[in-house]
Amino acid sequence: MSRAWHAPAGAFLLALVAGALAFRLDNYQAFVLGEVGITAIIGIGLNVLIGLSGQMSIGHVAFQAVGAYAVALVTSAFPGLFWPALVLGTLLAAVIGGLLALPAVRLSGPYLAMITIAAAFVIEHAIIAWKELTGGASGIANVAEMPLPWPYQGGASAQALAAVILGIASALFAAYAWFRASPTGLALVAVRGSETAAASIGLDPVRLKCLAFAISAGLAGLAGGLFAPLAGFISPETFPLSASILYVLAVMMGGAGATLGPLYGALVVVVLPELLAGLAEYRLLFVGGLLLIVLLIAPDGIAGTLERTWRLWRPARARHLSAPPLDLAAFLGHQAAPPPGAPALEAMGLGIAFGGLRAVENLAFAAAARAVTALIGPNGAGKSTALNLLSGFYRADSGSIRLAGSVVGDPAARHLARSGLARGFQTVLLFDALSAAENVLVALHRQGARRPGAAELAVQLLRCVGFEGDPTAPAAGLAQRERRQVEIARALALRPRVLLLDEPAAGLTVAERTPLGTLIRSIAAAGVAVVLVEHDLKLVMGLSDHVVVLDQGRVIAQGSPEAVRANPTVRAAYLGTAATSAAARHPAVATGAETMLNVVGLSAGYGGASVVRDVSFEVRAGEMLAILGANGAGKSTLLSAIVGLKRPQTGVVELAGATLSGLSAAAIAARGLVLVPEGRQVFPELSVLDNLRLGAFARRAWPEGAELEAVFERFPRLRERARQRAGLLSGGEQQMLAIARGLLARPRVLLLDEPSLGLAPQVAERLFADLAQLAAEGLTMVLVDQMASLALAVADRGIVLENGRIVRAGQAAALAADSALASAYLGGAAPGSAALVL
Amino acid sequence: MLLGASIVSGLAIGAMYGLLALGYHVTWVVSRSVNFAQGSVMMLGAVLAFSLTVGFGWPMPAALPVALAGCAAFGVVLERVAVRPFRVRGSDSWLMATVAAGMLLENAALFLFGKEPRGMPSSLAAEPLTVFGVGVLPLQIVILVAGVGLALIFVAVTRGTPYGKALLAVVQNPRAAQLMGIDAARVTVFAYALSSALAGLAGILIAPLYSVSADMGFVFGIKGFAAAILGGLENPWGVVLAGLLLGLAEALTTAFAGSAATVMASFGLVILALYLRPHGLFGRAGVRKV
Amino acid sequence: MSRFLPRLATVAALLALPAAAGAAEPIPVGLVAALSGQSAVSGEAITRGLTVAIDEINAAGGVLGRPLVLVRRDDESNPGKGVAAARELIYRDHVAAFFGGIDTPVSIALVPLANKEKTPFMGVWAAGTGITRNGASPNFVFRVSAVDALVDERLLRYAATVAKARHPGLMLINNPWGESNHKGLDAAAKAAGLSLAGAESFEVGDADMIPQLTRLKGAGADAIILVGNAAPAAVVIRSLDRMGWSVPVISHWGISGGRFPELAGPSAEKVAFVQTYSFFKSGPKGEQVLAALEKAYPAIKGPQDVIAPVGTANAYDAMHLLALAIAKAGSTDGPAIQAALEALPPYDGLIKRYAPAFTATNHDALGADDYIMVHFASGRIVPVE
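Protein chains in written order, with the working numbering: chain Z, 1 to 838; chain S, 839 to 1128; chain A, 1129 to 1513.
Treat the hints as calculated values from the structure; they're not laboratory data. Check the hints yourself; a few may be wrong.
[Stated by the list, open to error] With a straight-line cut-off of 25 Å between C-alpha atoms, the simulated DMTMM-like cross-links for lysine to aspartate or glutamate are:
| no. | chain 1 | residue 1 | chain 2 | residue 2 |
| --- | --- | --- | --- | --- |
| 1 | A | 1456 | A | 1433 |
| 2 | A | 1413 | A | 1476 |
| 3 | A | 1318 | Z | 132 |
| 4 | A | 1409 | A | 1397 |
| 5 | A | 1244 | Z | 26 |
| 6 | Z | 131 | A | 1314 |
| 7 | Z | 646 | Z | 618 |
| 8 | A | 1429 | A | 1183 |
| 9 | Z | 131 | A | 1281 |
| 10 | A | 1244 | Z | 145 |
| 11 | A | 1456 | A | 1183 |
| 12 | Z | 646 | S | 1021 |
| 13 | Z | 646 | Z | 432 |
| 14 | A | 1292 | A | 1498 |
| 15 | A | 1398 | S | 965 |
| 16 | A | 1480 | A | 1470 |
| 17 | A | 1311 | Z | 132 |
| 18 | Z | 131 | A | 1331 |
| 19 | A | 1429 | A | 1184 |
| 20 | A | 1318 | A | 1498 |
| 21 | A | 1246 | Z | 26 |
| 22 | A | 1398 | A | 1350 |
| 23 | Z | 646 | S | 930 |
| 24 | A | 1246 | Z | 145 |
As the structure is a computational prediction, the values presented were derived from the model and not from experiment.
Excised from the complex, chain Z in its bound form:
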């Protein structure tokens, strides 16, 4: 971009100032400055590793040793060959680092830390053991002096050495700034941000992480090679493991990822101990304490703190880069035209099972170019799984994928991405450490776009998908709509033949959905085969050319939107059939019964945004309340806020008259307000029996015999499976387990979040019969379920949420007869949709 000259100019200035300074310092000061430079060089390397690729090494001192020994050994034999020796040491360290990274990149966290520590030990002891070459533990004295790159009388003084080292460090700072913005640098940041999204644009995380490791090891080797002549003497004790920790510290204190972070860090970790030298023994105590404090109060380091302070003083101005409009069809151009006759994407009998549950079975459909194909179905039908199969994130047990007429040989995500298949994710996956434009740029680079043009193209693509914000703003701070737009732009940057979108309307307001629909149509019109998974059926029906309906992992219908909407099987899958709710509603609770649960003015959400807005309702003892609403209406968030999993932004929850404000989720559960969460949240490694017993943990009981027997009476399947690990149960069984576990808490109020999710209709009906039974026994319940007709059949009252607000409340029977409810679910306001009214 236009600031490209900043880095080299800054580096030149830095080198000039440092060089001039070095010659004005005394010998000791120059030596310390030289050490600052050396620590900064290692820090720049570690910044590539920690700051860009997000890996950790506590063994880099070993690479420093490799570089130092290479230089010391070569120059002791050939004193004139300092510079070649320096290059050799750098390369040697890089190669060793790259080899070590092969296993290391498959590891994470403490495993990775351990392998770097182990490598440091092995290298240190190899140096000690290889006495003949390295001089063993006694080290190498009288390392040859560094020949200066300029004519200078009387050998290299400490001042001259420091000037050279700082010159190299300055150049490396510029190189870092350049690398950070280069395709590879952006790709590294991308991989750190989300390996999943990185794979979706065809990046290879293993190769990139190895590269980062090799670069950082190489720079440590370079620093070691420069250190040898500065110190004049090296031995294994010169490179203790604690120095590695200090280097990591320098990077973290300076601010990981920031270009100048290692400089600030090096100044702190080198100069500060020197300033404190008079404290002698107390020094490490001081340094340790300081480290802890810095980590606590300045998590993004000195660079981050400076940046924030600077921003307080002079806030960032949003920049609205203008770019000429992009002709999308021309951009996609040559690739988008499919061979005649073949659909762009074909799923041929795809199937996958998770732990005995067949999530998707024999999925077969075709998506044509220039058309929008929608995958719909109730929650748990297998839509997202299907999308993950098509994009290579899950490996199918059976079946194959055909792209533009030919079968894909290796359907791994990044290969598919390279073959013209792009996708978006249900929860938008952006590379949060990159700007909006850089997110797009990473993908553009995959297409080999040249740099100068690419930056403008990225902005054009963003504008093309309707992004109106600042393209240089960090992706982490974007609003949901903008995030979605950036994700789509990133996918388009791959010039895909096929674009898969997973619930692109999720989290968008109703007003925001119309432009999204227009955008999707325009993408299709540009020649792309768009495959869409979406809950907002109103959007889907208006948008799609072809609709594929999934239920229980199988295709139950496909065809035009009109045909699908009229299909009775589809209706049953979505709404359940009122006729099957055999459960008799229990007698209505007498008015005047005690209020068990009282929710007043509750708002909750993520970050600053509210997902639930000012919701109030009450549930009386023995009553069952159904909370209804489309996906994304805020039902689950509401339940989370009630039970304390999510701290409410405003509002109060009372249980039997006592406020629950400020209590932890655990404490609230212990008081008898128990949530059975959405999505079968069992403890997978524990047995079914233990899962059940933990249900009673809230009341500090450990049920045996009769009490468990009662549960098994109600859920006989669980008795058969009692000794199995819960993770091995089928989805339906896990759901039963979660409910049974909730019951064992002997709750005063039981909240159920989507208990019928993913259950076969018969199972769901059994479940609702059980719920009705529980209600009849006097249990107070709040039920959230997408099977609206079933829920209303067993509940006493209902409330309907839309965009986080209660839009309707009333007796269950009255709500069930309300046609507006069906439209909230199926989006079917079109003529002829009367058939959908319950």
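With chain Z held as given, fit chains S and A onto it using these hints.
Here is chains S and A on its own, set in the frame of chain Z:
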């Protein structure tokens, strides 16, 4: 003779590594974090026990629980100051923060305890017994029994008691665990206290065989961590077995290849094992879902 | 970028802070030693010896009418840090001379600096042969301590004559000190016509040395030459006990701290070791210094509490010798002090009568005749017969 002696030595030292590794395991399974100051806490246990028994003349049975309680208290403070603030931020900086805490503890001990290594008397380390023709101190047997026994107890508790199950539940599904009334924060604090007490116990047990000094924990801390990683942090049996394996590998390398190769062989083993099994010898990969 | 420049200027200003200048103009002398970490004990012992000597000198009016002041810098046992520390002492604190610590690599790294900057460097512990015999002329490096090459000869001579050993086995700490003695012992064995049964190394953290010892035993070792500090050396002794192997153990001076019997148990008394000085060996000067130590460091209640006595004794004598040289030179100028050190008058020190301490060709104040073989007996160090 050489083989027998090496195996006995290796098992005794390995049990020590195993005890420390168990400490890493405990915090890992409930909080996905480990205490890199574990070695320093081990030193704290030994220093406290030494000060109480030799300095104040307490009998060991009285000093032991107090020293362990001291370590546990340190663990609680550490969790508050150097682990929780970072975990709630979703940051990995607990790694460096616990390193810093270890540095603080070690240097504080240099002043309060002194720089000089001290010898811890123990009646269990006076007269060797002869086992299979090899001299073994009763204390070495105690260490082995303590290492394996504690792993056993830990497995029994986590597999067989409500609180143990609750401990495991927190890792498997923190959200659901909270809904069962399990206070995840308290469980984590408890894990840190327990882990620190285990480290302290290791320090107290090794002290009579070795010596008590401010820096005694550094090497043990790293080797205990190596054992934990080698075994796979997830598995209580695995980490103790890996500790024994590491101890045996060291003793056998020293005996048959010479001491110059020991460190290279034992840490080389760790690298090799991780190359072949990235989640440790006895660990297993979690399921990745998109 | 622009934010960076003021920052650098600030640091430069910090670096350039002038050293505090006083009216009485004390003469600064430096110490570069391990003050933290595993070898912190050694730094402490040296500090004590230097401090007691400086207190005596200052109480008697100082040198050249100026008091001496000790400036200490931690080398963390790291040669790189040691060089930085020495540079600071030379360029910022303008020390007249500086003392070294226990670590031979650190001292080796300081030798070129001392000679280049013409600042006398006095070793008081590190015994590496090449420290004083460094080939420089003029040579600014002096030492009041043992020399490994000579100690090694002495240890083997004792093994051969007293312990009647033909195949001594070596147990060496795995660090430069152990390595230096490995070389020395190899050479000495060759000279003495002994064949070594083998050489094994141990780490500071090793808690069990049976595997190494069993190897030596299998190789036919009939004596153990031990090089290591008190804590790991004690583990060697305990491991021998457990093996039930009763073999003569002859040790370098690493075990000389009073705590060795506490660490190693009753078998500690069987170990013969070399010593330059023992506070148990009473003499008027020794009692005077011990009294001064007890006064300055209340933790010391007798000779058994003097940690690492060789460091303290060597440092004490070295400080007095340096003070003499400064007085003789009549200035704090490096070359003048160097010349004075090479031509000191005889001096009655704590360890011995130096007559004289150094010559132009010999910069080691202590020689093979100054080593005594001792052992622990009921908590005291006594000469072996």
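Results of checking the hints against the structure:
1. A/1456 to A/1433: Answer violated: residue 1456 of chain A to residue 1433 of chain A is near 35 Å, above 25 Å.
2. A/1413 to A/1476: Given that 25 Å is the threshold and the Cα spacing comes to 9 Å, the pair holds.
3. A/1318 to Z/132: Holds, because 20 Å separates the two Cα atoms, which is no more than 25 Å.
4. A/1409 to A/1397: Holds, at roughly 17 Å.
5. A/1244 to Z/26: holds (15 Å)
6. Z/131 to A/1314: holds (15 Å)
7. Z/646 to Z/618: With a Cα-Cα distance of about 19 Å, the restraint between residue 646 of chain Z and residue 618 of chain Z holds, given a limit of 25 Å.
8. A/1429 to A/1183: Roughly 20 Å separates the two Cα atoms, so the pair holds.
9. Z/131 to A/1281: It holds: about 23 Å lies between the C-alpha atoms, which stays within 25 Å.
10. A/1244 to Z/145: It holds: about 14 Å lies between the C-alpha atoms, which stays within 25 Å.
11. A/1456 to A/1183: Status holds; Cα separation ~20 Å.
12. Z/646 to S/1021: Holds, at about 15 Å.
13. Z/646 to Z/432: holds (23 Å)
14. A/1292 to A/1498: holds (23 Å)
15. A/1398 to S/965: holds (17 Å)
16. A/1480 to A/1470: At roughly 18 Å apart (the allowed maximum being 25 Å), residue 1470 of chain A and residue 1480 of chain A satisfy the hint.
17. A/1311 to Z/132: The given pair, whose Cα atoms are some 13 Å apart, holds under the 25 Å limit.
18. Z/131 to A/1331: Judged against 25 Å, a Cα distance of about 17 Å means the pair holds.
19. A/1429 to A/1184: holds (20 Å)
20. A/1318 to A/1498: Distance of about 23 Å is within 25 Å: holds.
21. A/1246 to Z/26: OK: residue 1246 of chain A and residue 26 of chain Z at ~16 Å, within 25 Å.
22. A/1398 to A/1350: Cα-Cα ~15 Å, so holds.
23. Z/646 to S/930: Given pair residue 646 of chain Z, residue 930 of chain S holds - Cα atoms ~23 Å apart, limit 25 Å.
24. A/1246 to Z/145: Within the cut-off at roughly 19 Å; holds.
In summary, the structure is inconsistent with hint 1 from the numbered list given earlier, while agreeing with all the others.
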